[in-house]
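If you read the protein sequences in the order shown, they are chains A and B.
For the first sequence, position 78 matches number 78 in our numbering, and the numbering has no gaps at all.
For the second sequence, position 228 matches number 228 in our numbering, and the numbering has no gaps at all.
Hint data in this document are derived by calculation from the structure and do not stem from the laboratory.
Where is the CB? At the ideal position from N, CA and C, for every residue including glycine.
Incorrect hints may have been included.
Per label pair, the in silico range of CB-to-CB distance [claimed, not checked]:
no.	chain 1	residue 1	chain 2	residue 2	range
1	B	Thr400	A	Pro149	41 to 51 angstroms
2	B	Leu244	A	Lys33	30 to 40 angstroms
3	B	Leu244	A	Glu206	23 to 33 angstroms
Simulated coverage check for chain A against chain B, where a stretch passes if three residues somewhere in it have a Cβ under 8 angstroms from a Cβ of chain B [said to hold, decoys possible]:
no.	stretch
4	300-314
5	321-329
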Amino acid sequence: MTEIDRRTLLAGLPAAAAALAATPAVATARIAKPVYGAETFRLANGLTGVVIPMRRAPVVAHMVWYRVGGADEPAGLSGMAHFLEHLMFKGTPNIGPGEFSRRIAREGGRDNAFTGHDFTAYFQQVAADRLELVMSLEADRMANILLDPKDIEPERQVILEERLQIIENNPRARFRERLAASFYLNHPYGRPIIGWEHEIRAIPREALLAFHRRFYGPGNAILVVQGDVTTERVATLAERTYGAVPASTRVERRRPQEPPHDGERRLILRDARVREASFARLYPAPHAHASIETADALEVLSHLLGSGPASLMWKALVDPGLAATVSAAYGGDSVDPSEFGLYVSPRPGVAPEKLEAALDDLISRVLQDGVAEAEVARAVRELIAQAAFARDSLMGGARTIGAALAVDLPLDHVEYWPSRISSVTAERVTEAARTVLRRDASLTGWLVPAEARA
Amino acid sequence: MSTPRAENEGPAGWSVPVQVVRSPSGIEAWLIEDHTVPVVSLAFAFAGGAALDPPGQEGRATLLAALLTQGAGPHDTAAFASLLRERGVSLSFEAEREGLKGSLRTLAEEAEFASDMLALALAEPRFDAAAMERAKAQRLITLRREAEQPPTVAARRWWAEAFAGHPFSRPAGGTEDGVTAVDRDSLRAAREEQMRRGSLVVAAAGAIDSEALGRMIDRAFAASLADGLAPAVPDVPAPRPFGLTVVERDAPQAAGVFGHGAIAPEDPAWEAAQIANWILGGGGFSARLMTEIREKRGLTYGIGTSLLPFRGRGLVLGSVSTDNARFGETLAVLREEWRKIAADGPTADEVAAGKAFLTGSFPLGFTSTAQIASTLVGLRQLGRAPDWLSGRLARLASVTVDEAREVARRLFDPEALSVVVAGRPAL
Chain A
1 MTEIDRRTLL
11 AGLPAAAAAL
21 AATPAVATAR
31 IAKPVYGAET
41 FRLANGLTGV
51 VIPMRRAPVV
61 AHMVWYRVGG
71 ADEPAGLSGM
81 AHFLEHLMFK
91 GTPNIGPGEF
101 SRRIAREGGR
111 DNAFTGHDFT
121 AYFQQVAADR
131 LELVMSLEAD
141 RMANILLDPK
151 DIEPERQVIL
161 EERLQIIENN
171 PRARFRERLA
181 ASFYLNHPYG
191 RPIIGWEHEI
201 RAIPREALLA
211 FHRRFYGPGN
221 AILVVQGDVT
231 TERVATLAER
241 TYGAVPASTR
251 VERRRPQEPP
261 HDGERRLILR
271 DARVREASFA
281 RLYPAPHAHA
291 SIETADALEV
301 LSHLLGSGPA
311 SLMWKALVDP
321 GLAATVSAAY
331 GGDSVDPSEF
341 GLYVSPRPGV
351 APEKLEAALD
361 DLISRVLQDG
371 VAEAEVARAV
381 RELIAQAAFA
391 RDSLMGGART
401 IGAALAVDLP
411 LDHVEYWPSR
421 ISSVTAERVT
431 EAARTVLRRD
441 ASLTGWLVPA
451 EARA
Chain B
1 MSTPRAENEG
11 PAGWSVPVQV
21 VRSPSGIEAW
31 LIEDHTVPVV
41 SLAFAFAGGA
51 ALDPPGQEGR
61 ATLLAALLTQ
71 GAGPHDTAAF
81 ASLLRERGVS
91 LSFEAEREGL
101 KGSLRTLAEE
111 AEFASDMLAL
121 ALAEPRFDAA
131 AMERAKAQRL
141 ITLRREAEQP
151 PTVAARRWWA
161 EAFAGHPFSR
171 PAGGTEDGVT
181 AVDRDSLRAA
191 REEQMRRGSL
201 VVAAAGAIDS
211 EALGRMIDRA
221 FAASLADGLA
231 PAVPDVPAPR
241 PFGLTVVERD
251 APQAAGVFGH
261 GAIAPEDPAW
271 EAAQIANWIL
281 GGGGFSARLM
291 TEIREKRGLT
301 YGIGTSLLPF
311 RGRGLVLGSV
321 STDNARFGET
331 LAVLREEWRK
341 IAADGPTADE
351 VAAGKAFLTG
361 SFPLGFTSTA
371 QIASTLVGLR
381 QLGRAPDWLS
391 GRLARLASVT
401 VDEAREVARR
411 LFDPEALSVV
421 VAGRPAL
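With the hints as extra help, turn the sequences into a complete structure.
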């Protein structure tokens, strides 16, 4: 699932893959240790707090994650979670429209926000001695959003321009959007986070206000602070700022669920702007909440299939000259089950059916013979070798932990990820592959030049 | 709430001590040592880059950068990649307009292994036929995908118009014809020509002391590079003003790229120019362009400008995307704001805000080892002195309102503002 930014598009990685990119430790002893050593606390009004100490520079990253995203919108109002994210910068009785970001900049800080299907997050990066200020500003808009109609309409135009820029003007992004819409039969993960154009135009103020009232309370939020600060200090400041917001409870998220995917499906999108085709294959996949063992095995499977020149897809498609690039993606850190995806850019001039046949042949072999122990061992080593780098950035940890907690996974899910991944065996990966890579439940997508056939 | 940060206040008691390290073999490196996390990042650059691509081989440096990590010595592409990945080492190269940059990130305990792999990539890249064909195909696909997107189309045309006749007129990533023409011999020639010890600058950050860094650098570079210098790149000329150019494209939204020449990074008013640029277009939601064009009128998702430094030459360059039908309005507001800041300069409050942001946010640029090493190497490419960083807060703080107004007059020239629009804009 992708998430979209207030200003720019973030890399469209599934949550789990994003966690990996930031993450591991080589020595066995290190694998058993928590990746971040984060600490938590809770306020009486329901707010969860997480602190990740990091002392390289006298700065902090401050994030608030709400357990609400595009998949929580009522049908017909797609784009509302993201619209509300934009409007959170339009002021409260205490701060004027647009003043929020100007105030942060004036304090030498940066701020932004982003929306996913399962969460909405706001963040600032500031000098450590400015933490209380950003906490009080964030607490203010948690409690007191205005949503003045005169600010809503220009922002609606901004979002329509954003949609043109990040989707309609980019054939590959438009392909991914239409692919998701085709893949999900019933679950709102099939809706674009930014919303369909006609629905963005129709979102009323009252719905936005009700959405904020329902989801933007301390009991439905997770505060994550990373940087040059102690847990005691963050807890004290949080009490002083967020502590004044009236208590709220966690919102139970019950979305329409997917029925079984019966029957192989195909989407062919022709686009006159495109000269080189793109291929995608999506399969329904269980998430970490359903089975952590399967989710870990799928993470290893996705790595050994599609990551780097030693991967199986590379050997089957790139080495023989059929494909220029290959990748696999799986995001198990989600509220509801999502997808396992395989992506290929064919080499110029390669017939689509030839490439697809080679991929299907690879998958058949994986399912029939199982994956080799050596492949799994290599993938595991590569994956966990990244864990040591997880703390080498200001906000990486806050981002990874926030994304996990916002979908109701426990902190340990992130902290002990390396030891779980290192216990994945070839049997488990093979079993997960046999469960998920079922052709008769899949969607195959082709983006092709307007005049070509697929 | 605490009081707003005073404009001359840097982060208290914090500094960025740059060590100048000389390796046993005599290679100089800048280092910011930090043992918070057991990670070391190395950044390095060779002068030249895409500017050295011969006519007809546009994209040669970019292909060289790609091929350097696609097999070296006894290891083919897959073996080389696996060796690095299993020990958590990242190594990559990238060609820019006037440099070939590299970056290496490793656990401190793997620093020697990482240096040896870098040395192998520099000294014995294989340029296997299959890897070459693959890299060329990947590059062609990337170029064709970029051509689908109006912002890239507009940017390429901007550089082509502004720098006609100079290597900067050509895209660093190459052209379809240029990439097609590159072969193994041309890559060997590119390596021979460009990757010279005399053209190398190196910087590092992270959990390593100066002695260990000296050893690491010698392992990586002392025996892997030929002596001497890369050929000189012709001085970057002043960009030619060209008014307005429209590249017709079927797209729902038009993309514009705009700018002109600016004061050089060597100019004493460089910090004042950073402040002026922040006020007009560089300051995100604090900037005039964002306020007028996005916040007040809803004409775009984003508009911004950057001050780009090259040796002896600066550029102010911005971009914006707006629905075709409303593009004329965006352009009119843009031109008016450009005119206003040049004529009237920024207000005292804007200058104070700009200084507060640029000084207060300074430590945010020093939070990951890769980012720190890359910043240091960028400064070395510009020929900055090692104390440039430690003096930066004081220089910013000393800029007066009058100086900021004066530099705004020099920096922004509404007559020279040159615009490319890709799309079908109503103008």
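Handout entry: Violating hint indices (sorted, rising)
Key = Of the numbered hints given earlier, those the structure breaks are 2, 3, listed in rising order.
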